[in-house]
Amino acid sequence: MAQAPALPSGFELPLESRLPRIGSIDAVALEERAASLAKRSIKRDAKVWALELAIRTTDLTTLEGSDTPGKVAALSSKAIRPDPSDPTIPSVAAVCVYPNLIQTAKQRLRGTGIKVAAVATGFPSGQYPTPIKVADVRSAVELGADEIDMVIDRGAFLSGRYAKVYDEVVQVKEACGDAHLKVILETGELGTYDNVRRATLLAIAGGADFVKTSTGKINPAATLPVALCMLEAVRDVYDQTGRRVGFKAAGGIRQSKQAIQHLVLVHETLGPDWLTPDLYRLGASSLLNDILMQLRKQKTGVYQGADYFTLD
Amino acid sequence: MTDLQPIPDDWTYAPAPESREIVTLQPRYGHFVGGEWLEPSETYETLAPRDEEPLAVVGQATEEDVDRAVGAARDAFANGWSTLPGSERAKYLFRIARILQERAREFAVLESLNGGKPIKESRDVDLPLAAAHFFYYAGWADKLEYAFPNRQPRAVGVAGQIIPWNFPLLMLSWKIAPALACGNTVVLKPAETTPLTALLFCDVLRQAELPPGVVNIVTGDGRTGAALVEHDGVDKIAFTGSTDVGKAIQRRLAGTGKKLTLELGGKAANVVFDDCALDQAVEGIVNGIYFNQGHVCCAGSRLFVQESIYEPLVEKLKQRLTTLRVGDPLDKNTDVGAINSRMQLEKIEELVASGREEGADIYQPPCRLPEKGYWFAPTVFTNVAQSYRIAQEEIFGPVLSVLTFRTPEEAVEKANNTPYGLSAGVWTEKGSRILWMAQRLRAGVVWANTFNRFDPTSPFGGYKESGFGREGGLHGLEPYLEFDA
Amino acid sequence: MTGRLPVKKTYKLFIGGAFPRSESGRTYEAEGQNVASASRKDARDAVKAARAAQPGWAKATAYNRGQVLYRLAEMIEARAGEFAELCSGREEVERSIDRIVWYAGWTDKLAQVIGGSNPVAGPYFNFTVPEPTGVVAVLAPDEPALLGLVTRVVPPLVGGNAVVAVASELRPLAAVELAEAVATSDVPGGVVNILTGRRGDVAPTLASHMDVNAIDLCGANGVSTELEELAADNVKRVVRGRADVQSPWEIADFLELKTVWHPIGQ
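Residue numbers (this note's numbering), protein chains in the order written: chain C, 4 to 315; chain R, 2 to 486; chain P, 4 to 269.
Keep in mind the hints are simulated off the structure, nothing from the lab. The structure displayed is predicted, hence computed values, not measured ones. Don't take every hint at face value.
[As the list claims (entries may be wrong)] Derived pair list, reagent style SDA-like, types lysine to any residue, alpha-carbon separation capped at 20 Å:
#, chain 1, residue 1, chain 2, residue 2
1, P, Lys44, P, Arg7
2, R, Lys431, C, Arg238
3, R, Lys319, C, Gly245
4, R, Lys319, C, Arg238
5, R, Lys92, P, Val71
6, R, Lys465, R, Thr324
7, C, Lys74, C, Ser289
8, C, Lys46, R, Glu146
9, C, Lys42, R, Lys431
10, R, Lys333, C, Lys74
[To be verified] Here are some chain P residues the structure puts well away from chain R; computed CB gaps all over 12 Å:
#, residue
11, Glu77
12, Arg102
13, Ala107
14, Asp214
Glycine is no exception: its CB is placed at the ideal position from the N, C-alpha and C atoms.
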């Protein structure tokens, strides 16, 4: 079990020899840069390309206490064929569910190439003893999850116990085995962009394959400035170590326009290499139908109504 | 360290042009004098710098034209404007501000077309600030006694105003708004290459029902400007433009008793410390020199990087340059537009060539420049010595010179080591250092952890050869007033 | 029976950007109309609405506040005829509009006149900025019916305060008309609240309310001592406003001054 060495308070944790400097973030300038990128005007072919990319990188999600096999079966059908009337519309990247629904999803998605992602580690709060959280992960992997979305311990982070946060990521990564690991920071609870950057670097040091903004259960979630902050950290890791870590924006993305803005952020910060489901995901549920409406509008020239798109 | 690659266009943003149909251009314009259009005796053609398309024929004002304009301004001053209560003057200015807000898109398109700057800038910066400037000074028109208690402020008379081509409408608002608020009347000459938004502005004056002769607009080149400067009927000259012309004006006015304000060139130092917010500092550097293609008197053209952060910063800067989109000013996705004129392009090219010759290392990101029109790629010079021309002379283009320093003392010394003193930038997360640097930098505007920020309430102007007088804020009223005390 | 029967207006309170009747269901007759008669609970609701709206109004840029107040002037100008019938006439309306325009121009200038950097004897940067005090209760005067109300209500708004105004008991219709102009002028809901009704019901509630920061006793009509005593319970700023005055110090009466220090050093 990897343990980061204990250090006097006030020192940064020397986690990897070439971890990028943590430093600080100027909030005003960061928000301005995000707003400026959000003004890019993406039209016609470029818009269609972006909308289709958004679908291909979507983790179609249901994380409710009331989820049932029936609900997840319907969601899985939607994931495979988002628009039954248009076979050119691609499938999504993954379906994201609670552990109890993993097997239903696996059955429905067998042979389609769509991944099953499961949340674990006492999602969404993470306020449980470490062994229990790790056991949660092992069990989800045994049930067949291809991907694990974990939450960091925000209580530990906000009280300065960075070693504990790091340690849990390392243990969870180990428990994942072949499953790939997304680490959720829950940026809405972290308070400052400085903290978001620090948490991103901590998660990556611990072994994250993906860093993810939010659980989707609180606001604010995946705002453009927060996403930009995390993408810049991902870029710094790549520039200094060559390691590519993926990014998932989740929570609060309901409209196509927002999805496109998020894709622009990635495009102009990390470049087109990241615009693929292996390195980029959008966690969403109602977004999908908005994208389908926009795509049909682009193709027909006519504004659409919700009645023409199946709920699931 | 990875190889620098430009971000390739796998996701090509489709053209997103702002339609130019919103602007109705007349084929021919005269001079706006006494509320009417005077047929010009001499004319010239004004172009769109993005492709040299001729846009309109405008007047080249002669001494006679200038004389008539000054006469109209004097008449308007003597016959009503100077005795109008401040609260009524205020309402004219409020009207102008509101109309500019209503017609903002129309003006933004014309500004980008005639001047070359990206529509993103004219729409989001020039127009909002121009309207805000009128709105701000409107509020001072009937409050002068609070700005200058016990001094009995009153108007000077007729102001002659000469403005540059880099922010045509914004510079017009910086000049006209305070002048009118203080009760003066005005003859304004826009820059030779960018007359059109000033001429369209006359339509705003019509809609605002401003009394005839309060604002007069004559177009033309330096000869028109000289005629205005030398006219006996003008009580005050306000000039924004090149340092050389500013000095010539100051010499010309010696002994005449005419009031003068000058806003001239700059060679601003942008100082980055190793404890800066790194990515945001890079954004600030980019904004500092590539905003408006570097056609900015207060541009951060000398980048001083603390040696301890030099490599990561320069690497990030070069990487960031590869995402700048150079292209059609009317495309909403364009970040860097056209150079304003052939003459300016040649000047930039000459200075850049000198940089190479003197031994600096040049970097330009790959970009496809259009074939017609005036274009220059964003450029960074590293390994620059203070003595190189590119570190001494104002280039007024998208060209950055990078130098290094070790300590705050050294940074201040080098930053101040120039005849100019318009602006400076400081990038550090340490508050006390911001204030320490600000105290010592000999510049009229110090931007800390930001750059190129303007506001009507914030006084702007230079030290040393960057000029004298301030525009904006309470202080911007002073040049347009006479006082008993 | 000739001519067309007009549709009569209902004169209600203005709280949180909406026009509710009094929660007490009561009205009283003034200027020949039934007018809502505000209760203590209405006053309480108005203070709540003001408190909720005030931070957003204070955080808006000074430029934005100036534009909103200018638009209020635009709205009143458009209804000048209606207003003229509810006060002494056209001239009073024009003076009121011009006064609003005058005050609108102060939002982004007062800080330069009353604030600034202070040259302390030490290596510190020291500056003073004015800030709004918060929620201001205003007792409007009976005369002039419109100009007096505007004279007392607008200065606190300039500085970023939210206002709960109690209209003149005898001449409330101009206040209701003003509320309608406010409602159409981009003033965020809750920044201006106007209560019509019996002064005696509502004034002591506002004077003693622990979440009101300042009170303007212009229209107190002889009971100001009692109200001043009540105001002392939470150290309210007490202003004895005049009904026809125009000065930036009227704005400053409702501002706090904050002074900040920071060392200057490498």
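Now for the hints, and whether the structure bears them out:
1. Restraint check for lysine 44 of chain P and arginine 7 of chain P: the C-alpha separation of about 39 Å exceeds 20 Å, so the hint is violated.
2. Distance restraint check for lysine 431 of chain R and arginine 238 of chain C: the Cα-Cα separation of roughly 25 Å exceeds the 20 Å cut-off, and the hinted pair is therefore not satisfied.
3. Taking the CA atoms of lysine 319 of chain R and glycine 245 of chain C, the gap is about 18 Å. The hint holds against a cut of 20 Å.
4. Under the criterion of a C-alpha separation no larger than 20 Å, the hint pairing lysine 319 of chain R with arginine 238 of chain C is consistent with the structure, at around 14 Å.
5. Our distance criterion of 20 Å between C-alpha atoms is met by lysine 92 of chain R and valine 71 of chain P, whose separation comes to about 15 Å.
6. Proposed proximity of lysine 465 of chain R and threonine 324 of chain R is contradicted: the alpha carbons are some 36 Å apart, above 20 Å.
7. With a CA separation close to 14 Å, the supplied pair lysine 74 of chain C and serine 289 of chain C stays within the 20 Å bound.
8. A C-alpha spacing of about 54 Å is found between lysine 46 of chain C and glutamate 146 of chain R, which places the hinted pair above 20 Å, so the restraint is violated.
9. The hinted pair formed by lysine 42 of chain C and lysine 431 of chain R fails the criterion: a straight-line CA distance of about 32 Å is larger than 20 Å.
10. Proximity of lysine 333 of chain R to lysine 74 of chain C is assessed by CA-CA distance (about 43 Å); at most 20 Å being required, the pair is judged violated.
11. The Cβ of glutamate 77 of chain P sits about 8 Å from the closest Cβ of chain R, inside the 12 Å cut-off, so the non-interface label is violated.
12. For arginine 102 of chain P, the shortest C-beta to C-beta distance to chain R comes to about 9 Å, within the 12 Å cut-off, and the non-interface label is violated.
13. Annotated as non-interface, alanine 107 of chain P brings its C-beta within 12 Å of a C-beta of chain R; the closest such distance is 7 Å.
14. Every C-beta of chain R lies more than 12 Å from that of aspartate 214 of chain P, the closest at about 32 Å, which supports listing it as non-interface.
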